[in-house]
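**Student:** Chains as they are written, first to last, in the working numbering: chain A, 483 to 1020; chain B, -17 to 389.
Think of the hints as simulated: they come from the structure by calculation, not from any bench.
Just so you know, not all the hints are guaranteed correct.
[Stated by the list, open to error] Calculated cross-link-like contacts (lysine to aspartate or glutamate; reagent style EDC-like; alpha-carbon spacing at most 20 Å):
no., chain 1, residue 1, chain 2, residue 2
1, A, K673, A, E485
2, B, K75, B, E332
3, A, K876, A, E862
4, A, K876, B, E40
5, B, K34, A, E485
6, B, K187, A, E872
7, B, K306, A, D815
8, B, K373, B, D317
[Said to hold, decoys possible] To spell it out: a stretch of chain A is covered by chain B in this simulated footprint if at least three of its residues, at any positions, have a beta carbon under 8 Å from a beta carbon of chain B; those stretches are:
no., stretch
9, 516 to 528
10, 536 to 543
11, 780 to 790
12, 879 to 887
13, 946 to 955
[As the list claims (entries may be wrong)] Label pairs and their in silico Cβ distance ranges:
no., chain 1, residue 1, chain 2, residue 2, range
14, B, K75, A, A855, 50 to 58 Å
15, B, K34, A, S854, 40 to 48 Å
16, B, K75, A, R758, 27 to 35 Å
17, B, A16, A, A988, 50 to 58 Å
18, B, K34, A, H591, 29 to 37 Å
19, B, K34, A, T541, 33 to 41 Å
20, B, N223, A, A781, 49 to 57 Å
21, B, V113, A, E907, 20 to 28 Å
22, B, G246, A, S906, 38 to 46 Å
23, A, K750, B, K75, 55 to 63 Å
24, A, A781, B, H122, 33 to 41 Å
25, A, A781, B, K71, 20 to 28 Å
26, B, K34, A, E755, 34 to 42 Å
27, B, H122, A, K876, 44 to 52 Å
Nothing here was measured: the structure is a model prediction, and the numbers come from that model.
Cβ coordinates follow ideal geometry from the N, Cα and C atoms, glycine included.
As a plain string of letters, each chain reads:
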Amino acid sequence: MIESYDVIVIGGGATGAGVVRDCVRRGIRVLLIERFDISTGATGRNHGLLHSGARYAVTDAESAEECIKENMILRRIASHCVEETDGLFLSLPEDDLSFQSKFVEACRHAGIRADVIDPKEALLLEPSANPDIIGAVRVPDGAVDPFRLTASNIIDAKAHGAEVLTYHEVTGFIREQNRIVGVKVLEHKTKEVKSYYASIVVNAGGIWGHDIARMVGVTINMLPAKGALLIFGHRVNQMVLNRCRKPADADILVPGDTISLIGTTSSKVPFEEVDRMLVTSAEVDLLLREGEKLAPVLAQTRILRAYAGVRPLVASDDDPSGRSVSRGIVLLDHAVRDGLEGFITITGGKLMTYRLMAEWTTDLICRKLNVSAACTTAVEKLPGSREAVEEIGKKMISVPLAQRNSTIYRHGDLAEKLAENTVSEYSLVCECEEVSVGEVKYALNELDVHNLVDLRRRTRVGMGTCQGELCACRAAGLMSSMHKYCTKRAKEDLASFLNERWKGMAPIAWGDTLRESEYMSWVYRGVCGLEWSQKQEE
Amino acid sequence: MNLQQHNVSENNFEQCIKCTVCTVYCPVAAVNPAYPGPKQAGPDEERLRLKKPYFYDEALKYCINCKRCEVACPSNVKIGDIIQLARIKYSKKKPTLRDFMLANTDLMGSLSTPLAPLVNATLGLKPVKAVLDGVLKIDHRRSFPKYAFGTFESWYKKQAEKQLAFSQQVSYFHGCYVNYNYPQLGKDLVRVMNALGIGVQLLRKEKCCGVALISNGFIDQARKQAELNVDSIREAVVEKNRPVIATSSTCTFTIRDEYPHLLGIANADVRDRVELATRYIYRLLSQGGGKLTFRKDKKIRVAYHTPCHMEKLGWSYYSIELLKRIPNVEVVVLDSQCCGIAGTYGFKKENYATSQGIGQNLFQQIEAAGVDCVVTDCETCKWQIEMSTSKHCEHPISIFAQMLLCE
């Protein structure tokens, strides 16, 4: 049997998920193929900042305008993934205050509300801000959870008939003369190679899109720019804090769910390294040193972990920092650009503009397929954002308070599925993030979870201060009892998950984080007899 | 090299490594499933409350503030303080009339002592208990501590002159219980101190330490009383160079630790000079000061119960060792565990089952110990033990006084 579709999308990041959703809502038969889990690339490795666009206002007006428009759309369609915190652009004594007026003017020009406020008022609004500030501008920044956003797009796409294959890697293309007609795909679990056919193949592989394009002989001049971030153990700030100056290193502090994030750095990395992003101690020092200038309390706040992502910038010049490169959306119709039919690349852009990128891509697909349906993704709310959270709270009144609030925060109106949980399902798997047995079961049954890391992306299991110390074995046990895998595989997965957690702790392994990781190691190795070498993969 | 090496977070909960030993030692979590336990209510949910205040769970009211979680914690997390501070900061529950009556020990004491025989008889009546239970939600099964006919302070006035004759002086923080309910303990203390050659003075002004006000949510009033007490203590300690001793472990603990931790009242300059009478006397005797002679005609076997705040202070050692110094007193040390009353907590109807459930083990151990009486430094433990076991309960100072050879 030949598996054929109108469109195949490669890449399960926010962009790929957005394209799939847009396509299927316009009646196009679509398949998503992702090498690992959804949002494993740059989608899951950024600030989670709901940009107002203010950051780009001075240097890149086009990006700024896109940001503020998408910002307003996401507040509406993805309310459960967004927290409307607002943000402050702070001027420190070492900053040039004259930049502020230029900044405010550029913001207003781009349609971004920017209110200059008294530094004293700014400190009342955000007590964690550096008390030495000489200026402050309030803008409509916010926080967005990229995991939930991507997952929600997938849920909606699947509900409308899209097919999604995770842990499926594209290893080659099927070509007929100057036309791409399908892809060869390796299924990781079974090691089987299968062929899937489609009229159009969309490359939404982020930085990996460079290699995907190369498979068909097309060169996209991309510039992998590494950005490192630090996660602090709890929420230090309630508003996004930025520096009011030209974009530089470590000048954004975002409150994201239970934690705060400082970032980022920017450094060019070779393509060979994009799968092995390790944060260096120089990067950690820089993030801390600069971060303390925004919020001095960071100097005393426990750091949970460090991580880095790779921006899929499309190089337009030879800028070594990768920073002055346009963050604009790059949509390549390879038929026009390279004479190759049936192949489209969507890249550049940023998390904030994922929906717009998807819209442009789907518009192009529709033109090619002669589909006249219009884009609805700017108005149709995502699953989870369709009902007021207060109403959901009322339906879940029997669920313990902290668990109820956490679950609704994570899943929006979809949390209602947990209202009928039994008392035993109220038991916590993850105590730091209040993830219940019921929530884990829901994720395992409905959200394409194949291992503990996938589960973490859907529920925050293992994302709290203990980084898996208490929850990992419980979750592995649940997965095993629900026949997601056998006991042997459960042990391997457990070791693999804990090693993945350690990878993020290693760069900042001191103080209480180190103490806790030692305790975790003692629990798993000493008490449970788990061997780290049980994991041989990667 | 890292930049954070020598910095300690003000957010003490970050030191928690989730070992959960606090929850193992929590007396409430063991018997009341409605209480999330100290780990969750403390460090875990504090992190969530910093995210959004709506994570504050009114179930935190079930915490009895025994601080046994803090004693158990190997990471030095101030779990009990985190929970109490969260209650102070976030709780929207208004205290009831009952809470007001239970918390204002000074006021209720002043009203009751002049009419003590009448009040005591009335509070013992079944219909009265039924009304208290039905209207005020004070559990009908709970027996009330008796009020004294005349306060300790009024008795002391007649002694004041005699006390001045001693060359060495201490100040005595007597607390509400000694003043309104059991002046005999205060009299015993004066007798013991005098036998040691030390005169006893009262503070210039003394108000209830405020522990019941804090636990019932009357923070502003607690702060006012604490300020007044610390002023008086400062006058005694700094101006007159007189140490302050007390007979109640909870009052002592509240003044020393809860004032700075929960009420934000600085006491660092006087804190070390406020201590329990048993510790003061133990140290005095250990240094060779004071000679006491004890009677030989009486032999008793007592069981020492360690109150929670005594455990937190780490001072039960002094009371136990002091008792052991008395010839003819045999001391059995009970396992250190909560009796369940936790001040006003156990009086509340909604807490009665939890309160008695917590104390069950202790009660059984007391009954099995084969002792003449139980000894403890806390007055509310005394009420609980006397109500829930067949044994009488005394303060170590009273045992001391009873065993002193009459001069």
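**Student:** Verify the proposed pairing of K306/B with D815/A, using a straight-line Cα cut of 20 Å.
**Tutor:** violated (92 Å)
**Student:** Examine the stretch 879 to 887 of chain A: at least three residues should have C-beta closer than 8 Å to a C-beta of chain B.
**Tutor:** holds (count 4)
**Student:** What's the verdict on K876/A and E40/B, does the C-alpha distance respect the 20 Å limit or exceed it?
**Tutor:** Since the Cα atoms of K876/A and E40/B sit roughly 17 Å apart, the hinted pair holds (cutoff 20 Å).
**Student:** Does the structure keep K34/B and E485/A at a Cα separation of 20 Å or less?
**Tutor:** violated (48 Å)
**Student:** Taking 20 Å as the top limit, are the C-alpha atoms of K75/B and E332/B close enough?
**Tutor:** holds (15 Å)
**Student:** Given the hinted pair K673/A and E485/A, is their Cα-Cα distance within 20 Å?
**Tutor:** holds (18 Å)
**Student:** A range of 38 to 46 Å was offered for this pair. Does it hold for the Cβ distance of G246/B and S906/A?
**Tutor:** This hint holds: roughly 43 Å between Cβ atoms.
**Student:** Within the assertion that chain B covers the stretch 780 to 790 of chain A, do at least three residues meet a Cβ-to-Cβ distance smaller than 8 Å?
**Tutor:** holds (count 5)
**Student:** Taking 33 to 41 Å as the stated bounds, is the beta-carbon spacing between A781/A and H122/B within them?
**Tutor:** Since A781/A and H122/B have Cβ atoms about 56 Å apart, the given range 33 to 41 Å is violated.
**Student:** Has the hinted range 20 to 28 Å been met by the Cβ atoms of A781/A and K71/B?
**Tutor:** This hint holds: roughly 24 Å between Cβ atoms.
**Student:** The hint says 40 to 48 Å between K34/B and S854/A; measuring C-beta to C-beta, is that right?
**Tutor:** This hint holds: roughly 45 Å between Cβ atoms.
**Student:** Run the distance test for K876/A versus E862/A: straight-line Cα separation, threshold 20 Å.
**Tutor:** violated (25 Å)
Hint check: violations occur at hints 3, 5, 6, 7, 9, 10, 16, 17, 20, 21, 24, 27; the rest are consistent with the structure.
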